[in-house]
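In the numbering used here, the protein residues as written are 1 to 390.
Each pair of labels, with its calculated beta carbon distance range:
1. S94 - T141: 16 to 22 Å
2. S33 - R269: 29 to 35 Å
3. R125 - D246: 23 to 29 Å
4. N294 - L92: 50 to 56 Å
5. R177 - P385: 39 to 45 Å
6. T141 - G326: 45 to 51 Å
7. R277 - P102: 47 to 53 Å
8. D34 - L213: 39 to 45 Å
No lab work stands behind these hints, which were simulated from the structure alone.
The beta carbon of each residue, even a glycine, is placed where N, CA and C say it ideally should be.
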Amino acid sequence: MPASRVGGTAASAQQIKIDTTGVRIVSSDPLGSDAMCSLGEEPTFHVGDDQSSEELWFSRVLGLARLSDGSVAVADDASSEVRIFDAAGRHLRSMGREGEGPGEFDHLWFMWRLPGDTLWVGDYRPWRYHLYAVTGEHIRTVTMDPFYENRSRGGGVLANGVSINVRLEQARRRDFRTPDTWHVEAHGTDGRLLGTLMTLPGRTFGRGSSGILESPWFEANSSIDVRGRTVAVANGLDPEVRVLDDELRLRLIIRWDAPGREVTAAHIRSAREAARRRAREAGDVSPLERTLLNSDRPAANIFPAVSSVMAGVDGTVWVWRYPRPGGVPGQSRVMAFGADGDFVCYLSHNKNNYTIYEYGADYVLGVQADELGVPHVAMYDLLRPAMPLR
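Make a model of the complete structure from these sequences and hints.
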């Protein structure tokens, strides 16, 4: 039977009743803590600076995963390949390519490792996952049913093969007040829709004097990440993360103090001046940059608490605090909460242009751009305070 199709409009789906029995609520005051996590000085894994072979450099990295034997999988954009490297950085094999055949990619997008080192690699359009064995064989393709015409806006694949996908429904009114809607949906291992897990507010948009679609200053946006047995969800506005397990039970609510979030006229002036500075440095003001300078662009009343959230391999929850204009230089934006919900540390490091894709119990795996913007894949030891994680 062919799959039905959904686009930007809401599809009728059964609402999944989330079991909240035994949920643990943990509140903390990170501002009162000086606990710091840091990264090792030198990478324990590095690849991407050797152009002697096509397999040893990357265009844009769209997914990373550390495998059970210490090897690393890298999803590369331009080649539409997943490349496997051993722990010493030697290329072992590649899988996938651009095309329309089995296991071939239209637009490769992110990657998740499941038990047994099975790799689920996202692809669109339509949104689907290509499954590969670590030995390189294409296992099968899982397509969402009903179809997702565009990629998922967040989520990922749980260890049991249930995928959490986010479908965007655009607001009919672009009035700076009506947000888009995120439909967070669970799909079985065969891609069939199990039901709607929750709905979350997306961004709001409107048209100012420029006539270009824009969003307010300091607007909140939801974030959802899935890894292992963890689903981490934040609505962006509140200092709170909700954590579900792989049975889609709400097991933990993490809350923290975030005082002084009122947006003032000084904050708006500072943000607008920063936009002007960036435009001057670029030497050419784009239409999008001009919208940032509009005096009639509205602003939120309070700052969001969260920019984004990530689930660690070990169940740790990593939270990016929303940056405010005039923030303290060098102040870490990243907070870690243990699998039990207790605050663990702030993350501080001196790795320039380093974006972390995966947090492990004792390592981070990410992409570091050199002075020419060429991406390298690097792994560093993650050094935590002397406190156990459950």
